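Take a look at the letters that make up each chain.
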Amino acid sequence: MVDAARHPNIKLLTYSEIKRVEGFIGNFKVLVEQKPRYVMANRCNGCGLCAPACPIEIPNEFEEGIAPRKAIYVPHSQAVPLVYSIDIDNCIKCYKCVDACGKLDAIDFSQQPQQTWLDVGSIVVATGFDSFDPSPIEEYGYGRYDNVITTLELERLNNSAGPTAGRITRPSDSKMPNSVAFVQCVGSRDERFNLYCSGFCCMYTIKNAVQWKQTYPDADISIFYMDIRTPAKGYEEFYRRAREMGIRFIQGRPSLITEDPETRNLFIQAEDIGLGQVIELEAELVILSTAAVPRADTEQVSTILNISRSPGGFFMEYHPKLRPVDSPTDGVFLAGAAQGPKDIPASVAQGSSAAARAARILNAETWEIEPIVAHVWEDRCIAAQGKKCGICATKCPYSAIIAEPGKAAQVTPAKCHGCGGCVAECPHNAITQMHFTDAQIFAQLHALLAKEPEKKIQVFMCHWCSYGGADTAGTSHFEYPASSRGIRVMCSARMDQDFVYEAFRLGAGMVLVSGCHPQDCHYISGQRVAAERFDRLAKRLADMGISPQRFRVEWISAAEGAEYARVIREMDETLKSFDPQALKEENERVRPELERRLRRLVEIPRVAEALETVVCV
Amino acid sequence: MQRLNQCDSTFKDEVMAEPGGENLIRCYSCGTCMATCLIRRQDPDYNPRRILRMAMLGLREQVLGSHLIWRCSACDECYEHCPQGIRISDLFKAFRTIALRQGYSPPGPTARVNERTCVACGLCVEVCPYDAVELVQKRVLGHEKTVAQVNTALCMSCGVCAASCRSASIDLLDYSDETLLQHLQQQLQAIEVAV
Numbered sequence: 000m001v002d003a004a005r006h007p008n009i010k011l012l013t014y015s016e017i018k019r020v021e022g023f024i025g026n027f028k029v030l031v032e033q034k035p036r037y038v039m040a041n042r043c044n045g046c047g048l049c050a051p052a053c054p055i056e057i058p059n060e061f062e063e064g065i066a067p068r069k070a071i072y073v074p075h076s077q078a079v080p081l082v083y084s085i086d087i088d089n090c091i092k093c094y095k096c097v098d099a100c101g102k103l104d105a106i107d108f109s110q111q112p113q114q115t116w117l118d119v120g121s122i123v124v125a126t127g128f129d130s131f132d133p134s135p136i137e138e139y140g141y142g143r144y145d146n147v148i149t150t151l152e153l154e155r156l157n158n159s160a161g162p163t164a165g166r167i168t169r170p171s172d173s174k175m176p177n178s179v180a181f182v183q184c185v186g187s188r189d190e191r192f193n194l195y196c197s198g199f200c201c202m203y204t205i206k207n208a209v210q211w212k213q214t215y216p217d218a219d220i221s222i223f224y225m226d227i228r229t230p231a232k233g234y235e236e237f238y239r240r241a242r243e244m245g246i247r248f249i250q251g252r253p254s255l256i257t258e259d260p261e262t263r264n265l266f267i268q269a270e271d272i273g274l275g276q277v278i279e280l281e282a283e284l285v286i287l288s289t290a291a292v293p294r295a296d297t298e299q300v301s302t303i304l305n306i307s308r309s310p311g312g313f314f315m316e317y318h319p320k321l322r323p324v325d326s327p328t329d330g331v332f333l334a335g336a337a338q339g340p341k342d343i344p345a346s347v348a349q350g351s352s353a354a355a356r357a358a359r360i361l362n363a364e365t366w367e368i369e370p371i372v373a374h375v376w377e378d379r380c381i382a383a384q385g386k387k388c389g390i391c392a393t394k395c396p397y398s399a400i401i402a403e404p405g406k407a408a409q410v411t412p413a414k415c416h417g418c419g420g421c422v423a424e425c426p427h428n429a430i431t432q433m434h435f436t437d438a439q440i441f442a443q444l445h446a447l448l449a450k451e452p453e454k455k456i457q458v459f460m461c462h463w464c465s466y467g468g469a470d471t472a473g474t475s476h477f478e479y480p481a482s483s484r485g486i487r488v489m490c491s492a493r494m495d496q497d498f499v500y501e502a503f504r505l506g507a508g509m510v511l512v513s514g515c516h517p518q519d520c521h522y523i524s525g526q527r528v529a530a531e532r533f534d535r536l537a538k539r540l541a542d543m544g545i546s547p548q549r550f551r552v553e554w555i556s557a558a559e560g561a562e563y564a565r566v567i568r569e570m571d572e573t574l575k576s577f578d579p580q581a582l583k584e585e586n587e588r589v590r591p592e593l594e595r596r597l598r599r600l601v602e603i604p605r606v607a608e609a610l611e612t613v614v615c616v
Numbered sequence: 000m001q002r003l004n005q006c007d008s009t010f011k012d013e014v015m016a017e018p019g020g021e022n023l024i025r026c027y028s029c030g031t032c033m034a035t036c037l038i039r040r041q042d043p044d045y046n047p048r049r050i051l052r053m054a055m056l057g058l059r060e061q062v063l064g065s066h067l068i069w070r071c072s073a074c075d076e077c078y079e080h081c082p083q084g085i086r087i088s089d090l091f092k093a094f095r096t097i098a099l100r101q102g103y104s105p106p107g108p109t110a111r112v113n114e115r116t117c118v119a120c121g122l123c124v125e126v127c128p129y130d131a132v133e134l135v136q137k138r139v140l141g142h143e144k145t146v147a148q149v150n151t152a153l154c155m156s157c158g159v160c161a162a163s164c165r166s167a168s169i170d171l172l173d174y175s176d177e178t179l180l181q182h183l184q185q186q187l188q189a190i191e192v193a194v
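Each protein sequence line maps, in turn, to chains A and B. Per numbering that gives the first Met the number 0, the first sequence starts with residue 0, numbered consecutively. Per numbering that gives the first Met the number 0, the second sequence starts with residue 0, numbered consecutively.
Next up, chain B with everything else stripped away, as it sits in the complex (with noise of 0.2 Å):
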């Protein structure tokens, strides 16, 4: 059982005063996002109705430590249907900087950087349709140098920024050039030996 005057009732308000998270309240859980919501077609525990819900009642651990508040892939199908105009992708991303900031971090791989190879012509920048990556001033190997950035809340791994630079300095932790291409050959080998 859930004892709601022991929640922390501070949390909604926590979310309301980051960037994205401002409409927290004016949900009346119509459900009409989980009805929309295309990775619940994939993961049945996903429920964005509930999340906001348990944001609102102040279950803090339970929403930052949820690997429910990394899934959002900010398709926006349900902002568009939203009769509260919530945008549910800018709310999530709200809880993803809370969790980082309070020592959560991200259950699946994210972009990174490698800095030492990055040239900062800034097209992982322009690509990112999430606006996670940023070029940054930065002390690298003993120099100042402007590198690419990626700010873990907002990265969706979508993987366009490793697929477009052109140097190869950034890449998904699990899914790097090397590892896919290698699982590219197994692949093709695999073939070869069947044919």
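This is chain A alone, in the form it adopts within the complex (with noise of 0.2 Å):
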């Protein structure tokens, strides 16, 4: 940190929140609120005089609350920069502050809160995370027992630098305990409250066991865990050793802790699972591995960046797999446990590579993005009319949209990814994909479905999974019929329902749409406004007298070349076992429908123009 501080090229401000954040990759501008010191950092030496001084004492965060703090405070002694701070919510402005201060005059109570504009290439998000409360798992007694603590209590505890000199001791009565019990997955792994295991808390939890071990040989550790889980390199090793050393792991989660109020020991109740019997075990000192969870002011930020969160309501990667480093943002990256829990080696790895990714865009001269990006046309645009509108801002998963009432909708070519769901869903067809325009699709439409198109089977797929699906089939032999036909578009999100009307219009037999799983989907939430689509479509369609079998959803990943020939065979026998004159019959009676709904598309003259240039085959 403090090489940090001193490097010419870094700019730490702290003490400081980012209020707001506009503009795009490679051209940020962020608002950053430098909160008032009431200590001049200029002045201010960290003599620390002024602490004594002060009279109020109120709980240290740092030291989880274990430890007093003056009002006029550090948050370390290694922090960085060194420079007081007075907490004004709980100063009484008594003034003997700034009489031990004396002749540096550091402390100036006119402090205002101070905003500044900064430009900015590229954003990194380290927030980290917070420690579960374990208080509401009423059966661990955590606020009503004092000897239950957490482990971020016992790590203080623990330090040499710490309120008690590193010199363990309960805090009932600051003794020295002798059998102690960690609970391993307290508020994690548990329905309850977080789903997620936090991943680091066994190696920890074994981390401190075998430390007290090593200072003290004969004190009595137990771990009960449910699983133990050491899956980097040298962690299962450093298991093996905690066991040698004589610690004893007890697989079982407790069920109840109990205290004796005489000693103020207590009771952990648990089922030993290799046992089968239900055991009962007396510690000094009982400490709770809590579940790393999000930051309180997850929600806060993620709205000021645009970003998503996962389920856990940690921020979200842009790639699980491919991108874990990326937010879905560009230009915005995730490090440390902001986007999941991880332990100290993981983060030092995704907070390298995330001021490597970004300093990639810094030193750039241009940035490239995909020619793909939605354009609007402005004269289409109903709310540049006045009227209220703005779906395709809702829609579109990466705010790239700015719909304001009067305006027509802008689109942000650099923050554009190029699902095309705003295109599909713009009820006023005022919004173009480029290179996969309306016009373009129709004409594809129209050469494959020229010739006998009810023995065909229209298929929609997407670039991501479906394609690749289709493509896996073809690379591997699994045989289907000759009778489908295949558009893609980049997400399912782009297939427009003008496109499946299209399609029966032209009297194609089958029309089958496909794209990524819902967990799969590249462009965060394009899957799921497609199935919501459709599903309403599927209905429709139905309602207007299509067979129900004629049209079909499915969800295929690229790796299921087998899953879409399975799919294509199905479509394909149901298809034969149509009569074909039944099905030019029910083609006919649905088409005046189908002209009705498409006659709004028509009317555009960018697609009738492109459609006359089409060439039939």
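These are calculated hints, taken from the structure and not from any lab test. There's no promise every hint is true.
Stated by the list, open to error - Not the full set, but computed from the structure, chain A residues with beta-carbon under 8 Å of chain B: (1) 39; (2) 138; (3) 188; (4) 227; (5) 251; (6) 254; (7) 258; (8) 259; (9) 269.
Unchecked claim - Over 10 Å on every C-beta distance to chain B, these chain A residues come out as not near it, computed from the model: (10) 184; (11) 191; (12) 206; (13) 312; (14) 321.
Bear in mind the structure is a predicted one, so any value in this text is a computation, not a measurement. Note that the Cβ used here is the ideal one computed from N, Cα and C, for glycine as well.
Please dock the two separately framed chains into a single complex, following the hints provided.
Okay, structure coming up:
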């Protein structure tokens, strides 16, 4: 931290808050509010004479509340920069600190919050995590029994710079405990609180236990666990070492912790799974390995930076396997436990990676983006005519569209990832996607369904998954009938219901709409938008009189070549089971309704023009 | 030795298809239920975690034939502490329903209705904490009649229905009013003699 503060290219803004972020990759504008310290940073030399003079004592957040701090304080003695701050909410303005500061005259109660706009090229989010508060788990008695503490509290007790100077004592009587029990998975892997595994608690518990045993070989140490997870390099060996040292590992989740009011010792009740019997253990100190949870202000940060959150509440990465450091917003990167619970080596690796990826942008003169971005025809956007709409902006997973009343929707090309969801969702066909325009797709449809359309299966595929699936089927020689005709778009979100109407209007026998599985979507929410749309469409088509078997929606991944072949085989069999004459009659019956629905689209001159130039084969 | 591939792997699906059995596979055998359980203090053989494990592995006969699936008193003490939100009382209800369907019978007494005297007041339906009693249309002695009916899979033999019935039309098999009163009188006589 000291090195970072001294580096000529690093400007450290501590005690500051990001208020707003505007712009896009390479061109962000960030509004930073520097909170008043009420101590002048250029005068304070960190001598610390002010703190002893302060009469106020409040729980020290850095020491997990087990030691006091003053109203004028530094978070801890190694804090960078070593400048004192006044906690104005708790300050009684007795000005004793001013007297103590004396000639330095560093205290200034007139300081105000200062806001500054910064121009930045990339942003790294490394906001860390919070520790789960175990008091809602009543059976463990945290907060009720003094001698039930959390691991972070233990870390402070164990720290030579901590409140006990590294002597581990138990809170009730300040005596050194001889028997101690650790309880794993407190608040994690628990339906009531957090479903995920925090990942690093097994290792830090073993670390604490080993450290303890090394210092006090006679100590009686037990660890209650459900599963010990030691997946990284050297971890299993460490676990083995802990067992060899005589630390007792008990598989079984404690169901109840009770206290003896006399001795203040604790009784832990659990089923020993190996034994198949309920056991009870008396310990002088119980340490709860609490889950890592998202920071309390994660929601705020995610709104400011427009980055989404995963189900557990941590910030979501662009892609869980291939882009684990990038956020969904280009130019914003994630590092450490803000993205998900991780231990120190993993946090260091991700931090270094995020720094390298952020620097890539800073070193580039220009930044290339895919040319498939969305484009608004301003004359057709009804918002420009003062009407309320903004559907495109709500469907954009990247906030690349700004829809202000009275103005046509505006796409920021640098933010657009080219899924085409807005294009398909626009009820007025006022948006198009470069290289995937309605006209281009209609032209493909006309060409593919020019001959014997009733014997064809028209397939719409997304670039990342189902097109890959079809490709795999081909390269792996999975046989399927030759009746299918594919059109590729970037995401199932781009598949306009008009495409399906047009395919049926042209007489297609079957229509298959396919895309990624929901969890695999490459455009955050594209698949969800599409799935909702086709749910509605399937009902509408059935109401119009199209046999329900003729329209199918399937989510097929790039690896599922066999699945793609199976779906096409199945659909081909269904198609063959139809009477061709009946199929044609059905098509004729619904044609007027389809034409009525499509009229709006064909009215757009740009589509019609393109269609006229189509050469049918 | 238990040969796992000879177990009935469809059993867990059958349990999960039964109302109350949905959450079976969530269990990761942490043992919280066993350590909280009140019944296991009375019956050392009783281990809810083990029964769930047996069901997951597909030991059909061992689960359905066991008297232990009838022991859960549905106090739901374990449900409050279960980190996976599994309601074991519901799961056991599912086991019992399947057991009854497949011809197993409850090992102890359950409530029974004297349909001839039942007046279908519905008091038993209201008081039953396990929703084990319902009113049904039935042919009794040649007449269409509404009477109470006990679902033996749900009945926990607590006897609250028998105690509240105003026409003495519902009782427990081995604990009918007559038997209990006889016991009481014997006890009282014994005390009188002693005095």
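Hints versus structure:
| no. | hint | result |
| --- | --- | --- |
| 1 | 39 | violated (51 Å) |
| 2 | 138 | holds (6 Å) |
| 3 | 188 | holds (6 Å) |
| 4 | 227 | violated (13 Å) |
| 5 | 251 | holds (4 Å) |
| 6 | 254 | holds (4 Å) |
| 7 | 258 | violated (17 Å) |
| 8 | 259 | violated (19 Å) |
| 9 | 269 | holds (5 Å) |
| 10 | 184 | violated (7 Å) |
| 11 | 191 | violated (7 Å) |
| 12 | 206 | holds (23 Å) |
| 13 | 312 | holds (18 Å) |
| 14 | 321 | holds (30 Å) |
Hint check: violations occur at hints 1, 4, 7, 8, 10 and 11; the rest are consistent with the structure.
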